[in-house]
Structures are given as structure tokens and as C-alpha cells.
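J.: Starting from the given sequences, assemble the full structure and let the hints guide the process.
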Amino acid sequence: MFDRRLVSIILCGLAGSTLAAQGTSVTRLRRRADSLATEWRRADALASVADSLERERATGGRDTIAVGALRIVANRSPLPLREAAQRAWVVVDSMYGPVAQRLVTRPYFILAFDPDTSVRRPVLRVGLEVPWNSTVNDLTHLLLANIPLEPLDRRLDEWLGGPLRPRIERSRDIARVYVRLVTAPSQSARRCFLGDVPSCRTVLDLNESDSSYLQWYPSAAERRALLLRSFSDYFDRPATLTTWRACMRGEDADCTQLIRSLPRGAIPQPLASDARRLLAHTALRIGGRGAFGRLLGDSSAPIGARLAAAAGVSLDSLLFCWHADVVAARPIAVSLPRWGVPAALGWILVLAVCGLRSSRWRVA
Amino acid sequence: MFRAILYSQWKWSRLIVAVGTIAGFALPLVSLQGAARADRSPLEAEALLHAVQAWGVLYPLLAAALGLLVAIVTWAPDHRGRHIHALTLPLARWRYVLLRFATGATVLAGPILGVTIGALIAVAAATLPPGLHGYPLALAVRFALAALVAYALFFAVSAGTARTAGIILGVIGAIVVVQVFASVANLELNLADHLQMVLTNWPGPLAVFTGRWMLIDV
Chain V
1 MFDRRLVSII LCGLAGSTLA AQGTSVTRLR RRADSLATEW RRADALASVA DSLERERATG
61 GRDTIAVGAL RIVANRSPLP LREAAQRAWV VVDSMYGPVA QRLVTRPYFI LAFDPDTSVR
121 RPVLRVGLEV PWNSTVNDLT HLLLANIPLE PLDRRLDEWL GGPLRPRIER SRDIARVYVR
181 LVTAPSQSAR RCFLGDVPSC RTVLDLNESD SSYLQWYPSA AERRALLLRS FSDYFDRPAT
241 LTTWRACMRG EDADCTQLIR SLPRGAIPQP LASDARRLLA HTALRIGGRG AFGRLLGDSS
301 APIGARLAAA AGVSLDSLLF CWHADVVAAR PIAVSLPRWG VPAALGWILV LAVCGLRSSR
361 WRVA
Chain Y
365 MFRAILYSQW KWSRLIVAVG TIAGFALPLV SLQGAARADR SPLEAEALLH AVQAWGVLYP
425 LLAAALGLLV AIVTWAPDHR GRHIHALTLP LARWRYVLLR FATGATVLAG PILGVTIGAL
485 IAVAAATLPP GLHGYPLALA VRFALAALVA YALFFAVSAG TARTAGIILG VIGAIVVVQV
545 FASVANLELN LADHLQMVLT NWPGPLAVFT GRWMLIDV
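Just so you know, the protein sequences line up as chains V and Y, in that order.
Heads up: the first sequence runs through residues 1 to 364, numbered per our numbering.
Heads up: the second sequence runs through residues 365 to 582, numbered per our numbering.
There could be a bad hint or two in this list.
[Claimed, not checked] To give an idea of the interface, some chain Y residues facing chain V are shown, with a C-beta separation under 7 Å as derived from the structure: (1) A456; (2) W458; (3) Y460; (4) V461; (5) R506; (6) L509; (7) L512; (8) V513; (9) L517; (10) A523; (11) E552; (12) L563; (13) P567; (14) P569; (15) V582.
These aren't lab readings, by the way, just hints derived from the structure by calculation.
Quick caveat: nothing in here was measured; it's all calculated off a predicted structure.
All C-beta atoms in this analysis are idealised placements derived from N, C-alpha and C, irrespective of residue type, glycine included.
T.: Rendered as C-alpha cells:
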């Protein structure tokens, strides 16, 4: 009644048809990928042409201002570009040193426009549009915030969380790092605040380790609090519900497993990127004019070693300087200014005199 | 004379002063609730600051409410009696008003002391994480100034004539009308914002009410 040969033939047939179908799918997907790559290459070529045309348009009929290695291509306007460039160059040269010379080949494109007219102006897709009435100070900040240097290597860029530009509001930026160091929900951050340099190394993500989060949040309570604060919605779903509940019951192994399942970049660090950027700036300040070049020198070296090389001191000494800078920048907590008391007393006096002068006792 | 007027002032405003003193004493203690627990994690510094900041909104409100109520109570019996009692006194008007102002300011000392003592106790009892500091005296000074500014403002308004009140209302109305016309005419004129900036930024009269009222901060 039951022929085993028939069954094996049917199974072979099924397997064959599945393999054939898989082969077809792979071929189809490969063809689609090839087609996408072709489209991407075509779009890239078109974008390059458009970019080049835009650059031509942006530079056509414009003046070039040269200050140091800064080059600014701009239309004629009352903008105080030269003064701003002179101010910016001092900062750029002191921060980037010889590397700043590369700016000769990477100009700014600036289109100054009249802010008081409603006439439509040509759209500029390359460079910056700036109103005529901008002050020297604003322009200097604009130039410093948009330095057209080539991007940093990927590793340094990821560690810094963006490009390394001159600091504009230095004291306020450091005060923000101070507040974060005091309030971060991490024992390592707290120990760093109290002056423990190895902990500073940890919270600044300078230990080359895949499981740095275990050092950022060393206790089970911290890891549970981290998950509860940042990932409760993400993990409270059927696929991870059992592990999530076990973690919330206090099973640290489950919490660690959940954190381990996250991409490294998604785990919130105790200190934000401005703390790391401040460390890089401290290294550049200590290292002098050639520091930026040394920082870029060996892109394969660990970040800590690169920073130490840039500063020209050991990493621990650099971290000590960084810590001293942060602690010295403790923000003023009480918002009543020094002359707030006399001002308030003055108003009380003025209002009291108003009360004395205004009377309901006059006879009509 | 001062003692007699102070006594009458106390009789009229004792309920307000008592409630204000209790509220002022309790507010710092409540704002730091849980910070005194020995088992509180030092990792909760951010949460503690958020709680203190949230409760901090109540200090200027309490100061403004106390200033308003004490100023109203200071003048209410005189207004009710059409100032006949005051006119029968052998005093120049300016002296009488000065005494009224001084007695009103004196009774505000109760709530101010309440806030000071409450803040000192709350900070002394709290276990603060490293890096955080208590500012009980700065907060108490600020509360005192805010309460006195509010009191002086409402005292002046309350002492004024109907004509003065009309002038003040007229100025406010004129600003609103100009603002509406400016908006209709699409003019870049923002009188309301400008006025707010002048009043609430230093050295404006209401600047003492603005900003963060933090009993605990970095």
C-alpha cells in the first residue's frame, strides 16, 4: 500500500524544485542588486556634475578674500568678511597648526543677501547664505563653526561624535560637562568626579574594550536602571519579554544579556560627546601648534594613545588636566546676581514711595 | 504708634501669616523628600535635581501670593471704613502710610523665617551626592526679596486712587491695542515681548521671581 520508493522520489522532486526556486531567487536578487549599483553609480555621477556646476555658479563673478590660509569666495556686499576672517584665522591657526594650511584648497562659499527685501534670491546649494547685517562676531562664529577641513578618520570621528571644531562658548561648554559628571547615573562618573583618573578613562571610553558598558555601569542596579530608563519600550515585547521580566526581578545575567544584544553605539554613555570633545581640545591646548597633526598622525592607534601623542604628555596627565579644567568650571548655582539684592531693594523703595504719593484722602 | 498699628495688622492678617509660615516651612522639607533616606542611591542626583526644580516653582508663587494677600489685608479695613479712622489720627498721611507699609512688611517676617528654618533643616537632614550643594540661605534671601517686592507692588496699587488704577489699566490696554494693530499691519513690533523682557530681566522689578529656585544644585 505504501511505496517507499514513491515517497523518496516525491521528496527528491520537492527538494529539487526548492533548490531550483532558491537558485532563481538568488539570481533575481543578484540582478536587482546589480541594477541598484548601476543606478547608484549613475546618480553619483549626476550628483558630481551638479555639485561641480554649483561650485562654478557659486564662484562665478565673486571676490576671493584670503586671510592666512582661509579662502572666502563671496559676492560683493557690506559684510565685514575680512575682519571676521582675520579673527577666525587666529583661532584656526592656533588650533590646527600646520594642518590649517590645507584650507587653501578648501574655500568657503558665501552668498550675502539683503535681509530687508522680499525679492527672491537665487538658491545656493553650495556654501552659506548670510544676511548683510551680520556682525563681525556672528560672522567669526559662522566661519569657525563651518571650517571646510576634510572629515576626521572614522574611528576618531565616532569617538568624538562629530568634527573637531574650535570652541565658541568654552566656559559654558565645560560647565555642562561638570553638571553631567555630577549627575550621570554611573559610579564610574562619580569616582571620576572625585578625581579617580582610571574611572575618567572609563567614562571617556578610552579603554579599548567591546564590553565597556560593564565598566560604565559596573553594578547590577546601574545596569537595570539603564535598561529601565532607556530601553523599557524596546525590550518589553514578546521576543524578549521573559529576559526583560527576569532582569526587572533582579537577575543581572539577564540584564547583561539584554544590554549585550544592543549595538555598542546604542548604549548611552555616562558622559555625552562634549566631554570627549573637551578632552581632545585639552590635548590640543597642551600640545601646541603641532598637536592636531599628531592627533591625525596614526589613525590605527588607540584613541588614548593618539590623544597622549597630540598633547605630548602621558594619558593620565592629560586626564588630570581635563579633570582640573572641569572641576574649575563649576557653574554658579544661585541665579540671583550680585547686584540683584540692591536692585530688588531699590524697587521695593520705589513702589513704597508710589504708595506714599498716591492718596484716596483728597477731598473732591 | 507703630506697635498699635502692628497689633491691628497682626489681627487682620494672622491667618494668612500662619498659613504662609507653615507652607514656607514645609516646602523645602517636601521638596527634598526621600533625600534624607540613608538608602538613597547617590546615582539619583539627576532625579533629585529634577524634583527640587519642580518644587522650586512654588517658592515664587508663595511669595507673590503672600505679598498680594498681606497688601490687600493692610488696606482693606481702611477702604471699608472710607479712611475715617485714619483721618481721625493725629498723623500726616505719609507717616500713616509708612507705618502701614512697615507693619505689613514686618508680618511677612513669619513666612520668611519659616522658609529659612525649613530650608536649613531640609539641607542638614539630606544626604547629598558628591558634587551637589545646598543653598538654604540664598534661597531664603531670594524668597524674602520676592515677597517684599510683591507686597510693595500690591501695596502701591491698593493705596492708589481709582484714577491711578485707570491709568495703569489704560496703559496696558493701549499696549494690547498697538500690538494687535502691529500684527494686522505685519509690522515687526512685539511690544508685549519687549515689555515682558523689561519687567522680568534684571534689573526689572519682577526679575527676582524668574529663574531657577534651587535649594540643592551643583
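J.: Output the numbers, in ascending order, of every earlier hint that fails for this structure.
T.: 1, 3, 11 and 12
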